[in-house]
Amino acid sequence: MPSPSTSKVKCVRSIPGVCSANFQIPNRDRYVHPVFAFGTDQSAPRPATVVAISAGLLLFSFWGLPPAWYVPVNLVAAVGLLWLAQRIHLTPSELGLGREQAPAGMKWGIAGGFVVAVVLALGVAIPATRPLFDDARAAGIGPGLLAYRALIRIPLGTVLLEEVAFRSVLLAAWRRVASLPVAVIGSSVVFGLWHIRPAIDLLIENDVAADGPVRLLVVGGAVAGTALAGVAFCWLRVRSDSLLAPALAHLAANSLATVFAYLV
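At position 94 of the sequence shown the residue is numbered 98 (the working numbering), and the sequence of numbers has no breaks.
Among the hints, erroneous ones may be present.
Claimed, not checked - Computed spacing ranges between beta-carbons, pair by pair:
no.: 1; residue 1: Pro-131; residue 2: Gly-102; range: 38 to 48 Å
no.: 2; residue 1: Val-55; residue 2: Ala-129; range: 37 to 47 Å
no.: 3; residue 1: Gly-102; residue 2: Val-218; range: 41 to 51 Å
no.: 4; residue 1: Val-55; residue 2: Ala-228; range: 14 to 24 Å
Honestly, the hints are just simulated from the structure, not real lab data.
Glycine included, each C-beta is placed from N, C-alpha and C at the ideal position.
Construct the complete structure from the given sequences, taking the supplied hints into account.
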């Protein structure tokens, strides 16, 4: 029986004795670039695949979405990433989505969320750090909009996509081609760069009057800070062996920060 990557040549009647058993030609449909060879033996994650996923995420991060489209588009993006993970043969356990991984993820996620809550509460309570929670986006909004942001927009529009992207698909793809430390650093660096656009938007929405170098410093600090947060989330992901752990900690960080910004 011929291999899947070859096809036989039919017997040539004009040349006696020449039959397909003696001649095989490659199936050209199998020769595609490894980055796009989904569904074939060549489609397992490779360095080029990791670079392509990272580049796609960064391009997507600069796409400004109208508020009404933020949650649905990001939900579709998360589903698309999981589809891509399946096509490049990443298993549910590699993605941190195995059913047996959930109990440990819940335990570590609750613990991580508690630590985040304590740190944020201390930040609000200490006068020197309280101004860090000032955010014009939370000023003047009503309880209904606050609830929407904390309970719908952040969990479904932000945390779900970012955890699927960075602590599930990208981290798992990295771990196929590199060591765990390299995978954590690679995923976290892209996670930090993902926040360039949000950091710029935050400066604009809070009407921060600063010259170029100062703005660059602020944005650079935001990128570095979120990259370090990415390392912490990756640690939770690896330690618990579940995506649920970093997702719960991430949810606590973003939603509680929004609530505290509203309260101060």
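Just to be sure I understand the hint, the distance between the Cβ atoms of Gly-102 and Val-218 should be within 41 to 51 Å; is that true here? Check passed, 46 Å falls within 41 to 51 Å.
At the C-beta level, are Val-55 and Ala-129 separated by a distance inside 37 to 47 Å? For Val-55 and Ala-129 the Cβ distance comes to about 44 Å; the hint holds.
Pro-131 paired with Gly-102, Cβ distance criterion 38 to 48 Å: This hint holds: roughly 46 Å between Cβ atoms.
For the pair Val-55 and Ala-228, does the Cβ-Cβ distance stay inside 14 to 24 Å? holds (22 Å)
The structure agrees with every numbered hint stated previously.
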